[in-house]
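A.B. asks: Sequence:
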Amino acid sequence: MLSQQEKEKLWSLIKPIKTGMLTTWNGTFVHSRPMQHVNKQFDNGSLYYFTSATHGKAQEIAKYNQVSISYADVANESYISLSGTAEIIRDKALMDEFWNMFVEAWFPEGKSDPDLALLKFDAHLAEYWDAPSSTMVQLFHLAKAKITDTPPQMGEHRKAG
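Using numbering that gives the first Met the number 0, the first residue of the sequence shown is number 0, and each one after it goes up by one.
Hints are supplied without guarantee of correctness; some may be wrong.
Said to hold, decoys possible - Listed below are the simulated DSS-like cross-link pairs for lysine-lysine, each with C-alpha atoms no more than 30 Å apart in a straight line:
#1 K6 x K17
#2 K91 x K17
#3 K110 x K14
These are computed hints drawn from the structure, not numbers from a lab.
Using the sequences plus the hints, can you model the full thing?
C.D. replies: Dropping the structure here:
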């Protein structure tokens with residue numbers, strides 16, 4: 000389980016990125032696709048994504064609910080990998096809470112679309128790399144590591160859960 004402090008740190012990294020790569024297993028291969036979370040917070044360790052209830056990922060999750068989601072912010076050198084379980088839910092209250100114009104573009108029938116669902120992801124394990132230093136600072140650390148023959152200190156790396 001992730002501590003509240005770990006959830007807060009992860010949310011500070013994930014929130015501005017918005018789009019992660021969801022990876023599922025179909026019994027033979029893994030398959031990744033971009034998904035945009037619709038959360039306003041991450042207090043309970045769950046992320047939500049609008050999805051089709053009948054497309055491939057929903058069928059894969061129904062059979063194999065262990066998934067991973069990765070986020071990358073290359074410009075800020077932040078990378079997050081989350082592992083956990085997923086389920087397809089049809090919670091009308093949550094759909095109302097999370098509905099936005101971006102989602103409406105994917106579901107033109109709106110909230111009454113019979114295929115509309117939420118993918119709920121519960122994070123169990125997390126790993127992140129956060130190197131918010133400028134390029135010049137990173138180059139300094141790389142040069143120092145080369146000169147001193149030690150690994151570079153490029154930022155924070157943690158495992159949680």
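A.B. asks: Hints first: check each against the structure and report whether it holds.
C.D. replies: We went through each hint and held it up to the structure:
Only pairs whose Cα atoms come within 30 Å are accepted, and K6 paired with K17 is accepted, the gap being roughly 16 Å. Of the supplied pair hints, the one linking K91 and K17 holds, its CA atoms being roughly 22 Å apart against a limit of 30 Å. For the hint pairing K110 with K14, the CA-to-CA distance comes to about 24 Å; that is within 30 Å, so the pair holds.
This entry satisfies every hint, going by the numbered hints stated previously.
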